[in-house]
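Colleague: I would like the entire structure built from these sequences, with the hints used as guidance.
There are 2 protein chains.
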Amino acid sequence: MNDKVYRSELTPLDFLERAASIFPRKTAVIHGRRRYTYSELLERSHRLTNGLRSAGLGEHDRVAFLAPNIPAMLEAHYGVPAAGCVLVAINTRLSSQEIGYILEHSGSKKLFVDRELVPLLEPLDTTRLDVIEIADTGSLEDDPYERFLQSASPEPPPRVLADEEESISMNYTSGTTGRPKGVVYSHRGAYLNALGEVLATTLTADSVYLWTLPMFHCNGWCFTWAVTAVGGTHVCLRHIDADSVWDLFELEGITHYNGAPTVQIMLVNSDRARRLDREVTVTIAGAPPSPTLLATLRELNFKPVHVYGLTETYGPTTVTEWHEEWEGLSLDEQATWMATQGQGYVTSDLVRVVDEEGKDIARDGETMGEVVMRGNIVMKEYHDDPEATTEAFRHGWFHSGDLAVWHPDGYVELRDRAKDIIISGGENISTIEVEQAVARHPAVLECAVIAIPHEKWGERPKAFVTLKPGAAATQEEIIEHCRDDMAHFKCPDAVEFGDLPKTSTGKVQKYVLREREWAGRDRRVN
Amino acid sequence: MNDKVYRSELTPLDFLERAASIFPRKTAVIHGRRRYTYSELLERSHRLTNGLRSAGLGEHDRVAFLAPNIPAMLEAHYGVPAAGCVLVAINTRLSSQEIGYILEHSGSKKLFVDRELVPLLEPLDTTRLDVIEIADTGSLEDDPYERFLQSASPEPPPRVLADEEESISMNYTSGTTGRPKGVVYSHRGAYLNALGEVLATTLTADSVYLWTLPMFHCNGWCFTWAVTAVGGTHVCLRHIDADSVWDLFELEGITHYNGAPTVQIMLVNSDRARRLDREVTVTIAGAPPSPTLLATLRELNFKPVHVYGLTETYGPTTVTEWHEEWEGLSLDEQATWMATQGQGYVTSDLVRVVDEEGKDIARDGETMGEVVMRGNIVMKEYHDDPEATTEAFRHGWFHSGDLAVWHPDGYVELRDRAKDIIISGGENISTIEVEQAVARHPAVLECAVIAIPHEKWGERPKAFVTLKPGAAATQEEIIEHCRDDMAHFKCPDAVEFGDLPKTSTGKVQKYVLREREWAGRDRRVN
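Residue numbers (numbering that gives the first Met the number 0), protein chains in the order written: chain B, 0 to 525; chain Y, 0 to 525.
In case anyone wonders, no lab produced these hints; they're calculated from the structure.
Possibly wrong hints are sitting among the right ones.
When chains are identical, the list treats them as one kind, so a pair holds in a single copy or across two.
To be verified - As a list, the in silico SDA-like pairs of lysine to any residue whose alpha-carbon atoms are at most 20 Å apart:
1. K358 / R393
2. K509 / I431
3. K302 / S206
4. K25 / W336
5. K3 / K358
6. K302 / T201
7. K3 / E163
8. K3 / D348
9. K467 / R351
10. K455 / P155
11. K509 / D359
12. K302 / R523
13. K302 / Y100
14. K358 / P155
15. K467 / W321
16. K302 / T203
17. K358 / S20
18. K3 / E164
19. K501 / R237
20. K3 / G357
21. K501 / I431
Modeller: And the structure:
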């Protein structure tokens, strides 16, 4: 700890301490019939911290959570880092194999797992891990997690954070190499991005935030901390379905929620969809929302905020701020502007669009380049992968892999992706990982996987396959084979057989395949 | 500059760069008929920076401004620190002598002075200083400041900030010693407090902020930077009078303004006062607002936000957040709670109330202690005064000199002042300074000055004087004598002649005088 009177290390953990001091009796967490005040949330966080410390965990130790959006998962975002540990929140949609890889690669020493997800661990050797089950009943009788909290001291634990640049969490992303990479966040970055989210989405003490967005996605885009910063209310949600969400809008007076366009499409197309009495702010990222979707949301009294970012930027880091000049445009033109990615948050640096040498491209709305970021809202590193970190940080900027044009007024607009990534329903899928799975089928000679546009999911993977001479396989066989060793959402929707287009040197020309599948569209991301 | 991809030095100067990039054509500044867009404000700031650099000024050089709330004063908050210089914004209500002392003590090398205030410089030797006059016409023809800008390059100057803890400004305060002290702010603290102000007062891109609060007060409580952070509009104001303010509410669609209760009282008692069509957020500090004032503000559709702080805490650093539990209370009880000082901003540490050994007092709403602060929203130091800095920072916390009770829910409530400070209309007056001025009158043997409650100004100084044997003087003569060498607002309103109450060791018992003057009141601050 520094000894300067005029310096505190920036950490989002302070948000909870403040909220519990200012709003001790206010409802911090709602989960069905369960309610926790801010004072209770702080005490539960203290117990989690003290429990971890008593179990011998301390500075820089990794603690994994595999759970949906339940109170325990929110508590993890305070209790784990307050012990000096690094939170590893694992995507619950992954396969057992992928979860095993992340537990191993992150070096997690302890795992908290939701009872519903325990079957995912069955194929894994978890003897090395200390596993604690979360029954999510909130009751001592039948919930091992509650007993873990109960056995620990409720007293404020000693502060252990010595430097705001220390790691707070590690979020695994499907990188371009096919193996998940552990994106490391710092306390400073998490603090500043949480405030950036507050400002971009106008969260206040009156906000009631519905957890439609998974907390395992970039720590819930840092909203796990942002909602607490303003003393708002977190409304948990174990499973997302349109009915529950529409019920909660009314029942709990929801003011904010977040999600990829997929989630929005599900909601506005539900039987229950109706114009809301109060405006609800919906923050959209993961893919540009269509003009139709934006118009529908407005009709139903949602206020759409479009943001953009990556796991490597703590989730969203740019926002498409409204321009007065757009008032005079047609709804379609307005929506087209709103679907651009805008510019950096108040707490982010401005993003740039660069050529291959890292130089600014022309701000003409036509030239294409790669979006690059720098500053407090960029990850520290890929855990235990200095090579990938160096590559991503070339020219001193983080390379997003997203290709965009740069408008004269500074706004960026994504057009294509340099990285082999498919974004489907807000989840990243590495085309290389899918290709490797397809190629493991004995009949496959070679293959190429690209994203194709999809109305509901934005993008879905499609495989182009050349079979071995004399071998045979059907589309169904290839897909079934993939489902055996990969999360189901990553498996191709379609398989097309035939020769692959190649350069004279034998390199597969994916752009030829993409051009065919995306014909008639302005951009190659959806 | 650091070379980490994941770290930018925090500085409020980035707010302007971002606003100019995102809202280039939006109105940033309104001053009568003059309008500057964000793109123009940035260019004018660049010119100011380049002009200063061309004039040989650079890192850590002090540049003083003596001006009302005009565009040049706002530009100073960006252009001066961007040159690596430290801004010294001087209180225009001070006497020539006091201004001379500040120019000398701060070591200012250059002074920009508003034409109206040039007479204040006449008694001073300014040969050492490079003085540039601001005619505030915005026209090259007759405005030396405009010519200074015009002669400089409009190009973005090189970034010179190497460390966010470097100094950005120096704000002189009437300390307890009678001599103004230069309170030094850092880029990091200014950035974080500006965001704290945004959150406490809910500033957004739609905000139109009226500059009733002097920018020379704690850099306008950091609103010089906060309004720009969200891309809001600054509405300048050369002189405050109720008519202009009521005109501007309507004409420019004001959404926010700040001020001491004195300013509010002037506004709500004006002939023009009427219920506003839209809610206007009014942020009040400098003295606790009375229940009557709070009720009147609400009737007129003002949303009062009560904040508290000192020059040493970048202006306001605590806010009285509304509690749901208060809904059931009477208006009077609500107002009583709203008049407490609340707790730290999101970006501040929580404040504590301590005894003389620096230990927490009981949180019982009765025991009195001193309010102390720590963290990013505490000044770096008193310029060139290590002794006063050490004293203020004893036990590792900044000592406010304000005495308060601590409520069980964490809120603090000021009751008295340990420091010999009178706060009159939001301006600090050192009782010691007034005593020294009174004592310089040849007929005075000794004297004591205390604050007495005043309906309009909150507090005013009153002098208790013992005359030399055989000497004579009237109240009017004493006051007139004070006006000769001190700013007029600091001079006593009343003088009472007689013996002073003393301890057995001969120390003046000011509390005896205070008890008499404040009889029948709950607290000794107003």
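Colleague: Broken hints, numbered, in rising order?
Modeller: 9, 10, 11, 12, 13, 15 and 19
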